[in-house]
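Asks: Those sequence lines, one after another, are chains P and Z.
No gaps in the numbering here: position 27 of the first sequence is 31 in my numbering, and each next residue is one more.
No gaps in the numbering here: position 96 of the second sequence is 245 in my numbering, and each next residue is one more.
Simulated from the structure, these hints should not be mistaken for lab results.
Everything hinted at is true.
Examples of chain P residues lying across from chain Z (beta carbon under 8 Å, computed):
#, residue
1, 37
2, 46
3, 49
4, 52
5, 59
6, 60
7, 62
8, 103
9, 104
10, 110
11, 111
12, 112
Every residue gets a Cβ at the ideal spot worked out from N, C-alpha and C, and that includes glycine.
Spelled out, the chains give:
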Amino acid sequence: DAGVTQSPTHLIKTRGQHVTLRCSPISGHKSVSWYQQVLGQGPQFIFQYYEKEERGRGNFPDRFSARQFPNYSSELNVNALLLGDSALYLCASSLAGQGWETQYFGPGTRLLVL
Amino acid sequence: AQSVTQPDIHITVSEGASLELRCNYSYGATPYLFWYVQSPGQGLQLLLKYFSGDTLVQGIKGFEAEFKRSQSSFNLRKPSVHWSDAAEYFCAVNTGNQFYFGTGTSLTVIP
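This is chain P alone, in the form it adopts within the complex (with noise of 0.2 Å):
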């Protein structure tokens, strides 16, 4: 089966535009986390969802937002982008997004901002 997977693979934009980054959750999988990872730190939680409804967020300013789609599929878009959004994009699924169950995460969307 295939793992998660995460497109684009990498990503420059410019200061103020717009991406929008997507994530295909494994077979079976209902629920998609989305986290940001600049360099050198730990992943920061942004978003989990869960039946197309958003179950969690992390501290992140509203310029980030995200949905699911009924096949469980997920989009993350940031608006207006800074400097600081420059950083490596995981998305993780997991079977109904409960606390005790393993996140399997993509390998990541790598965005630059210029």
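With chain P held as given, fit chain Z onto it using these hints.
Replies: Just chain Z now, with coordinates in the frame of chain P:
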């Protein structure tokens, strides 16, 4: 506020030596605890997790971790390190709807 602390930013060990990576968490209830490993260019891979039961947890690649409630710790151990264990290790806490990662410990293995 919930948090995860990994006090050691970088550790160097000789191949064959034992390893212990420290993790402390701050959370009011019993958390769900995880250790992940991230190799260069690779995604995060789960090593092991604890959510109830036996406080000594066995994971993949010969790793184990012990949950100590009194010390709010979940330290990762391996009796004999292999060169392929060189990577970044992250401890994480899941409170039910949020996942908190530590800042990571970078492991270097010398021959």
